[in-house]
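Chain by chain, the residues run as shown.
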Amino acid sequence: MPPERRAAVARGSPLSSNGAGPLLAVDGLAVDYALPRGLVNAVARRPREAVLAVDGVSFTVERGELLALVGESGCGKTTTAQSVLRLIEASAGTIEFAGRDITKLGSRELRLLRRRMQIIYQDPYESLDPRFTVERAVEEPLVIHGLGGSRSERAALVRDAVARVELTPPELFLDRYPHELSGGQRQRVAIAAALVLEPELLVADEPVSMLDVSVRAGVLNLLDGLRASSLGILMITHDLSTAARYADRIAVMYLGRIVEIGRAAEIIQNPQHPYTRALLSVVPRRDPRDRAKPQILKGEAPDATRIPSGCRFHPRCPVAIAECPTHDPALRQPREARTAEHQAACILA
Amino acid sequence: MSVSVHEPGAVAEPLPVRTRGGVVWDTIRHRPGAVVGTLVLAVIVLVAVLAPWIAPYGLHEQVGPPFEAPSKAHPLGLDDGGIDMVTLLMWGARISLIVGFAATFVSMVIGGTIGLTAGYFGGKVESVLMRITDYFLVIPDVPLMIVVAAIWGPSLFHIIIVIGILLWTSTARVIRAQVKSVRERVYVKRARALGAGHWRVVWRHVLPQVAPLLIANTVLTIAVAIFDETALAFLGLGDPSRISLGKVIENAFQRAAISSGAWWAIVPPGVLVALLILACSLIGQALEESLNPRLRVAHLSAHTFRLRPLVGRKADAL
Amino acid sequence: MSTLLQTDELNVWFDLPRGGTLHAVQGVSVALEPGERLGLVGESGCGKTTTGLALMGLLPSSATAAGRIELNGLDILAGGEETMRAHRWVDIAMVFQGAMNAFNPVKTVGSQIVEALELHGSSSGRAARAQTGELLGAVGIPPDRAERYPHEFSGGMRQRAAIAMALACKPSVLVADEPTTALDVMVQAQILALLDGLCRDFGLALLLVTHDLPVVAQLCDRAAVMYAGEIVEEGPVEELYHDPRHPYTRLLFAATTDLNAEALPVSIPGAPPRLDRPIAGCPFRARCDRAFARCEHDRPLLRAVGSRRVAACHLNDVPLSLEAVR
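Protein chains in written order, with the working numbering: chain A, -5 to 343; chain B, 6 to 323; chain C, 21 to 346.
Calculated directly from the structure, the hints in this document are not laboratory data. Here the structure is a predicted model, which means the values were calculated and not measured. Positions of the beta carbon are idealized from the N, C-alpha and C atoms, including for glycine. Take these hints with a grain of salt, some might be off.
Some chain A residues near chain C, calculated using beta-carbon distances under 10 Å [to be verified]:
(1) ARG31
(2) GLY32
(3) VAL34
(4) VAL37
(5) SER101
(6) LEU141
(7) PRO163
(8) HIS232
(9) LEU234
(10) TYR240
(11) ILE262
(12) VAL276
(13) ASP297
(14) ALA334
Derived pair list, reagent style EDC-like, types lysine to aspartate or glutamate, alpha-carbon separation capped at 20 Å [said to hold, decoys possible]:
(15) LYS194/B with GLU294/A
(16) LYS185/B with GLU120/A
(17) LYS129/B with ASP139/B
(18) LYS194/B with ASP233/A
(19) LYS98/A with GLU83/A
(20) LYS287/A with ASP164/C
(21) LYS127/C with ASP95/C
(22) LYS292/A with GLU172/C
Start from the sequences, fold in the hints, and give me the full structure.
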């Protein structure tokens, strides 16, 4: 099926696409979780305490670009990704998709939106219904949204999607069940199910961390190739090496904030935030001779209920100065930045 | 799990697929307890269904003196009204099974729906539904039955409803727990993220996962329902116009079968009820065990790994 | 320096539930000296975890083992469970995969370490508590944390506690199975530094079982690469990276993303062979980019390819002029 026909059949959404401007623009996103109160507090009607898991995050994703959201567990990267898709409700901020603010959309319009944004989950062993064949799993999005016309037209779209993820010949895979496939193949099926709707934005949450090493590159290269069809990809990963190789831009998160953002090459070669520098120094390299002097930080990141005052990173920062406990730096261009988009939130940068 | 399909694409060696019916059928086939239970249940059900045609004598036909001892013509003797015991047992099993299945159906529908709704939606809905469940859980069954009999009269229909109302709570709890866990599975969340509505998610993703456990629970509930009906009939709270196995026992008891020494009027119906319940329990337990691995008892084995002498270098196979 | 731990042709078979056996470990021979860090690298299903469990004698009843495991010259496998029990935890200890989640949630961490000490007769009562404090200190946990419960510890601290528990009876060999896989990169660095320090300060020999090549590259001196139940190459990690003598080693490095490498990583097509059937020829040939005729029917054996280096590949036998032939 020719791509134009395929796109025409799969699309047809009343939400119009704004050609200019970024595909996704997140501004000041905040997400909080209410803490359970307990009986005494509930009876006394004390207000619920909230944990701010994401506290003022702003970034953009262009069409055909891969932005990697990098950070350790608890930094809020998964929460950010889920709220972009409105799977979690944001408590503040705006999310603009193709020029339109989607934070206030009702459920009907939200359903239409789901066609244009898709998610790939981390666990390939859990993300497919074990009772669905590959064909049914990839067809399901079309059925849910009433797309694809007749049965045979849908079957053709499904075949195309399965072939696009390099499971060839597609016929060999269409009536397999997930337990007959390897982890890498399952992940490809999940990607095919995401692609069959011709989405414009793909959120990939640690897409390869549960796959064997020899298989990861294939799936990552597949995602990489999707950028050519102007798909925007937001990839969540804790693996800086993956981000370094595949991302166009990288955003480093710490305790609910972006502490550094910029072109991938710039971030890797010229990091300006002490946290980024420390992280990069401890990433193990393949080459045994390549032992960068690791800057191992003490302790672990505090949890979101105990956010430090001033700069959130100051208790662990190796170069903290007197102002840091009282001054909360905003993202701005560092003095030694080599590109315009490079921003870091550090008083010393 | 051996991976047989090469990536990306090569010769396929498909593994046998576990379908929904497959799990149930597999379990029944491979566990001796379930096999025995199924056979016993099947035989009794068959006999009960065909009772009107294969019963040797009429249900109300007096063919001899009360409490006549077993003989060649009447292998289980006669009851207090001179009616053949074998005939009574066949017809009695019919009613017991009808009540058992019908009450279970009621309880399964109510319990399954409430459990599904509570587990799927969570939050306030779940709290409310679970509190209602708890309320029903603590209602004592016999007093309720007496009350119902007193107010509406003891008909078979009322008995079925009452037993159903008493039994749905355990189903609701089991189903709710299972639904809650399935709800958190990634593929269910993914279906929601794709834009699937609640109905679709429940029907296509949640229910198929929950169905086998629901079946196991249903079979176990049948056992309890039959027991409940028997107990109620024995206490004289059953439908007086229908003969169930419990009624047979009750009749014998009331008409002094024991002092007459007529064991054949009491023991066989009791044994039959016990067999029915045992059969259902065996099947239900086998299904539950195979579906819920945590129920399996891990044996702290006294045996450890075995040793064998090395033969040559790079031994390939045993 | 005498070899601390040596296995010779270690084999493990598992009985399959529907009949047949799975040959999970096929003739593995490794050696560890005091203070040495050896990485056992491979992907899922290659047999590395089973090898680690075999060293501890913690195989299930469906397993059959053969070969020798020599600890300080004594074959501890030959005596079966009897001998293995005598040496388990006392001479050789293991940190299991997911050990940080294996703590009893209703007992304090300290009490669980004390329990381990008392079980193996090392000490009891006050002496055990004092030792626990020392152990926790040695792994970087403030000793007063011994009174806390596991859920009050972060993931990294629980992993440290698991290491402390493994070291309670002062073993000379530590087998660590994926010790940092579930941890963030900074915590991983902390744990690796800890293991490094323990080896240096206490002469502990470490067998690091993992799929993560860069971790092995950073921490270990030597590495053994496992594939389909056997070791396909072993040697100093530097040489494995710069001069691999087995295609799997080379391709595995090439498939690993690296911060500094220019080229994109490349997948290895295909999947590992089934281990419930005998394998004819080289187990890697279906996925190998340099397989040739001999690989079909002739299974390569581990041969020396340098000083302290072995590899199991026919390419090492062929004279250079014929190497290009496919």
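Cross-check of the supplied hints:
With a least beta-carbon distance of about 20 Å to chain C, the hint placing ARG31/A at the interface is violated under the 10 Å criterion. Hint on GLY32/A is violated. Least Cβ distance to chain C is approximately 18 Å, over the 10 Å limit. Among the interface hints, the one on VAL34/A is violated; its C-beta lies about 22 Å from the nearest C-beta in chain C, farther than the 10 Å criterion. For VAL37/A, the suggested interface contact is broken, since its CB lies about 27 Å from the closest CB of chain C, more than 10 Å.
At its closest, the beta carbon of SER101/A sits 36 Å from a beta carbon of chain C; the interface hint therefore is violated under the 10 Å criterion. Here the hint on LEU141/A is broken, as its CB sits about 32 Å from the closest CB of chain C, past 10 Å. A distance limit of 10 Å between C-beta atoms decides the matter here; for PRO163/A the minimum to chain C is near 15 Å, and the interface restraint is violated. Of the supplied interface hints, the one on HIS232/A holds, with its beta-carbon coming within about 6 Å of a beta-carbon of chain C, less than 10 Å.
About 6 Å separates the beta-carbon of LEU234/A from the nearest beta-carbon of chain C, less than 10 Å, and the hint is met. Hint status for TYR240/A: holds, given a least beta-carbon distance of 8 Å to chain C, under 10 Å. Checking ILE262/A against chain C: minimum C-beta separation of about 7 Å stays under 10 Å; hint holds. Taking 10 Å as the C-beta cut-off, the interface hint given for VAL276/A holds, the closest approach to chain C being about 4 Å.
Evaluation of the ASP297/A hint against chain C yields a held restraint, the C-beta minimum of about 9 Å falling below 10 Å. Against a cut-off of 10 Å between C-beta atoms, the interface hint on ALA334/A is violated, since the closest Cβ of chain C lies about 24 Å away. Of the supplied pair hints, the one linking LYS194/B and GLU294/A is violated, its CA atoms being roughly 30 Å apart against a limit of 20 Å. For the proposed pair LYS185/B and GLU120/A, the alpha carbon gap of about 16 Å is at most 20 Å, so the pair holds.
As the CA atoms of LYS129/B and ASP139/B are separated by approximately 15 Å, the hinted pair is consistent with the 20 Å bound. For a cut-off of 20 Å, the pair hint linking LYS194/B to ASP233/A is broken: about 24 Å separates their Cα positions. This hinted pair checks out: LYS98/A and GLU83/A have alpha carbons roughly 10 Å apart, not beyond 20 Å. A distance of roughly 32 Å separates the Cα atoms of LYS287/A and ASP164/C; the hinted pair therefore is violated under the 20 Å criterion.
Our distance criterion of 20 Å between C-alpha atoms is broken by LYS127/C and ASP95/C, whose separation comes to about 37 Å. Using a Cα cut-off of 20 Å, the hinted pair LYS292/A and GLU172/C holds, with the two alpha carbons roughly 18 Å apart.
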